[in-house]
Amino acid sequence: MSPLEKEIVRRKLAVIAENLSALKTIENMSPEEYVKGVLKRKATERLLQELIEAAVDINTHIIVQTVNTVPDGYFESFIMAGEKGIISADLAEKLAPSAGLRNRLVHEYDLLDHSLVLEAVKMAEKLYPKYIKEIETFISGSI
Numbered sequence: 001m002s003p004l005e006k007e008i009v010r011r012k013l014a015v016i017a018e019n020l021s022a023l024k025t026i027e028n029m030s031p032e033e034y035v036k037g038v039l040k041r042k043a044t045e046r047l048l049q050e051l052i053e054a055a056v057d058i059n060t061h062i063i064v065q066t067v068n069t070v071p072d073g074y075f076e077s078f079i080m081a082g083e084k085g086i087i088s089a090d091l092a093e094k095l096a097p098s099a100g101l102r103n104r105l106v107h108e109y110d111l112l113d114h115s116l117v118l119e120a121v122k123m124a125e126k127l128y129p130k131y132i133k134e135i136e137t138f139i140s141g142s143i
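Numbering (our numbering), first residue to last: 1 to 143.
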């Protein structure tokens with residue numbers, strides 16, 4: 001990857017890191033507090049959406065640059081990133097379902113289950129720091 005392409009990826013990684021930091025205010029909130037706080041709920045949903053979209057953008061960008069193909073969708077971008085060794089296959093499998101959450105957040109397919117969002121915050125705080133590290137390792141090793 002060229003230095004410019006690495007910079008694009010690092011800017012997206014910074015969005016993920018910033019959103020993870022902002023989500024820390026939610027981690028100790030009770031479900032009752034979360035449901036009552038409309039602004040907190042909407043902010044949480046938006047932070048998760050942006051975080052997931054940044055990861056998908058990174059996945060797609062690296063896949064296009066390295067294997068000259070475009071993933072079929074958000075879920076597939078994680079799976080392909082795992083298959084191509086961009087991130088570990090295990091991490092890719094754990095992160096891929098976040099694509100479905102992103103779709104529910106954006107398109108409001110159904111009434112959003114607040115407990116699902118709170119669980120997604122915990123998942124993001126556990127897995128996305130690993131994602132950042134693995135992506136940084138990948139781009140640091142690429143030419």
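Please keep in mind that the hints were generated in silico from the structure rather than gathered at the bench.
Predicted model, so just to flag it, every value in this text is computed and none were measured.
Be aware that a few hints might be false.
Pair ranges (Cβ atoms, derived) [stated by the list, open to error]: (1) Pro97 - Thr69: 20 to 30 Å; (2) Glu119 - Leu4: 29 to 39 Å; (3) Val70 - Ser30: 41 to 51 Å; (4) Glu32 - Val70: 17 to 27 Å; (5) Arg11 - Glu125: 19 to 29 Å.
In silico DSS-like cross-links for lysine-lysine, where the CA-CA straight-line distance does not exceed 30 Å [stated by the list, open to error]: (6) Lys122 - Lys6; (7) Lys133 - Lys36; (8) Lys122 - Lys24.
Ideal placement from N, C-alpha and C gives every residue a C-beta, glycine not left out.
Cross-check of the supplied hints:
no., hint, in the structure
1, Pro97 - Thr69: 20 to 30 Å, "22 Å, holds"
2, Glu119 - Leu4: 29 to 39 Å, "37 Å, holds"
3, Val70 - Ser30: 41 to 51 Å, "42 Å, holds"
4, Glu32 - Val70: 17 to 27 Å, "43 Å, violated"
5, Arg11 - Glu125: 19 to 29 Å, "21 Å, holds"
6, Lys122 - Lys6, "28 Å, holds"
7, Lys133 - Lys36, "35 Å, violated"
8, Lys122 - Lys24, "9 Å, holds"
The structure shown violates the earlier hints numbered 4 and 7.
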